[in-house]
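A.B. asks: On the provided structure of chain A, position chain B as indicated by the hints.
Chains A and B supply the protein sequences, listed in that same order.
Residue 357 in this note's numbering sits at position 357 of the first sequence, and the numbers go up by one each step.
Residue 26 in this note's numbering sits at position 26 of the second sequence, and the numbers go up by one each step.
Hint data in this document are derived by calculation from the structure and do not stem from the laboratory.
Note that this is a predicted model, so its numbers are computed, not measured.
To give an idea of the interface, some chain B residues facing chain A are shown, with a C-beta separation under 7 Å as derived from the structure:
hint: 1; residue: P58
hint: 2; residue: L59
hint: 3; residue: M67
hint: 4; residue: S69
hint: 5; residue: I74
hint: 6; residue: T76
hint: 7; residue: P161
hint: 8; residue: S162
hint: 9; residue: A165
Far from chain B, some chain A residues (derived; all Cβ distances over 10 Å):
hint: 10; residue: D45
hint: 11; residue: S147
hint: 12; residue: A151
hint: 13; residue: Q230
hint: 14; residue: M257
hint: 15; residue: A354
hint: 16; residue: L453
hint: 17; residue: H519
Built from N, CA and C at the ideal position, the CB exists for glycine as well.
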Amino acid sequence: MPYGVSLERADGDSKLRPLIHANATPSDKKDVDDLVKEFVAESLDGLDRMDRCLMELESRPQDAKLLDEIFRSVHTIKGTTGFLGFSRLERLAHAGETVLGSLREGGLIASPELVGLLLQLMDGLRTILALIETTGQEGSRAADDDSELIALLGAMYAARQGPMGVRLVPEARPPAPGELHVHAHKRTSLTAPAAGLGSTEKTLRIDVAVLNRMMNLVGELVLTRNQIVQSHADAVNFPKLARKLDRVTADLRGTVMQARVQPVGQVFSKFPRMVRDLAMICGKSIRIECFGQDTGLDKSLLEAIKDPLTHAVRNAVDHGIEDARTRLLAGKSAEGKLSLRAYHLNGSVVVEVADDGGGIDTSRVLARAVEQGRVSEKQAVAMTEREIHQLVFLPGFSTATEVTHLSGRGVGMDVVRANIESVGGTVEVESNPGRGTLLRMKVPLTLAIVQALVVRCGGQSFCLPQGALAELVYVPWREAGVLLERIGRAEVYRLRETLLPIVRLAGLLGMPPCAYSGHGFYMAVLDPGGSPYGLVVDDLLTPEEIVVKPLAPLLRDIGLFSGATVLGNGELAMILDVSALASRAGIRPLPERDARAQASQQAEPRPTASFLIYEITRPGHPRERFALPLSRVERIEEIPARLIEYAAGLPLLQYRGEVMPLEDAGGLLPALLAGDASSLATILVCDHPRPGLEGRPALRTGIVVSRVVEVAEAASIDTVADAPVDGLALVNERVTVLHPDPHRLPHLQEVA
Amino acid sequence: MAAYTPVHHRPAELALTSEGAAADLVSMCSLRAGNNLFGIETSAIREVLEQRTIYPIPLVPPCIAGMFSYRGEILTAVNLRGLLGLPPASCTGCVLVLDGDQDEERFGLLADSVEGVLTLERRTSSPNPSTLDEASRAILRCSYRTADGRLGQLDPQHLTPSHIAATGLFCRGSAHKIHVPRPGFKDHGAI
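Extracted from the complex, chain A is given alone in its bound form (with noise of 0.2 Å):
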């Protein structure tokens, strides 16, 4: 294969390959398929930096670096062409070439229109490579034709300055920018698609280095192999063999793994250009800004972030961002800001997508949802800001009052919900109003690896997702009579006060009912998407890290299993889709759920909530108890005292992420602090719900306390009438301090 010498070559430069193929003489049909693959692929690279390019050229006109790289990409497609005999392409690359090189010698300056005729030229480009990669043809047909393009970039190298400074008359005069730029758009709907397909999904660029590595792994797998295949299971090196085998096949799965990882950039990228093209259409302004590029996240993933994070750009320029005058009118810049963002947090990766736009307008929204019957107006009245933006995941769900051709049909939001939940991710949304809208998507870094529960049912094992597992029930037979109840033919089981719709699986996967033996059985409470119900089966195994292999075609038109794995036994388990066999049973999100969470909600301030009981002991003071209620406590720490920090005075300590306040009351973190190293603070991580704020996090304060003594009922409190001090109670026949708004500290302090 005499076209080895290409696969050296680093970068875009195609210098290399007129000279091999006038060297060789490629009567093979096949070798000439592998070299117009190959430099269909590798123009379609070019492009895309191209358009990256122009997009910075814009900023920077006079960038004489962007410029040469521009021509040159431009210049090699021309020149690969000629060899290969596409004259089509040639001829628009040649038209091309020749406004780019007058750009270059200071003969045309890059005003926007410009700009925006070299991008329709790169749309052109692509064009003629999608039909060179699906045909391998660049097409004759009357729609392929370019001379309307060639007759445009005919007439702006014309009204090039003269060598003398002159303006030269042209001929035929360029179109107004306007019809430029919405010619621009449909050539861009018709061709991303197709340029998109063949290139960049099937292959994937690797680090050289990665790929040795896994080499070096597989030869030490095979090599550990040989050890054991020689070894048995008594040899005295034997469990150090497994050990070994153990310590490659992590290696090797982490490398691997990594090789699949590519930066969120890659998606990123395409936004500039569409956010620019969309901008000139909606007759906005709009800057965009990228955080994060780098941030690794795995190949299938990316694909599937990719439409819900087009779509979440489109709203945010379509409805997000306001004109230029309603802008100046409210008081912002007449340039609209978008930004894309994305980072790790918690082991996922969250991409963001901001705007800051007119915000979500929630009256609007609350009279549209009760307009299509989605919302009582009695729930209307009680909802909070946070619930009214998650409506706009309904399905058909749209506040557009008229259909444009970018957005309003009110298929969106939830597709991007799906697409993202789909891959076990989550999306939620936060708006300001006036001021912006946040797009928050949430997914896992990788897809083939997930946490799962083993189940047995009808004597098969079968793999749930823990993703949406919120529980795990073992009801006894004695009890089974009382909390087991039937309506008609449906069986609920009451958790808590709550009655919870019961399913089979046994049932559901058309097997015989199991003999339930022993003392009880067993029910896996699954929470997919706010439809809670528990899943009845044989017995429970252990919690394991599978591996998930797709499904044939036949078992996926099944519908109730997302995938296959091997268990660590080498038991092969399908891989149960949760929500799927939750509508396989017929369970609906119950619609007066919401009003039910937001009745809790409600009720949680009030006293009749559980109360969490601790002590504040200090050397040379006497004991105290306090008690706080248990709603407001998000978490009981305990940390190393090292970690607390001061900044004026004031105790902080970095806590997933954020710098918390911490409340030292009792005054117990000098001691702490002068004691050893290793003394550990307990900390009651407490959330704050912010009054008028209640669509942003809650902020978070730490309370130092000695020791957590119990979780008291509300029953067991009796509040003293005429205290010396407010708040006090008696809690089990003890005095305790109630605790009325852990922010609220000077009147603790006094207490203590």
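C.D. replies: Positioned in the frame of chain A, the structure of chain B alone reads:
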């Protein structure tokens, strides 16, 4: 004339050696399901596995035996007995790993036993009789006369799980009640 060669676990390799033979000879791996003798061209066979545990899959028609693991992949096993409408076999049987044509769809074929490799002359083949039932016609290409009786040549491309599902011929008459999914069933509740 048919001549037996011993069972080889990688018939594909054998097929390579016999590739250079005259074009009117065909190398065929013979297998049994019930009393029927079948053959598959050795070039289509990737490997013959014996005694492989096949894990059943709920809600599948009887023509799907289940799944098994093969070199890190999980493959679906098509049950030849199920295709022919025969009752399940008493013994475990043999699995042939075959390559489908599209998207390199690899799958397994569960037969009662694999006999050996036969070299047959193409001219001894005869087309399917017109009275052959529709289901058998869907999987048989033609038949050969051998010393052991008539051998039906199976068409591997027509045995792939997706092809079987597409024909809809084999999903009827299942042993137990099956919830046949509605076409295009995409309603996943909340998703």
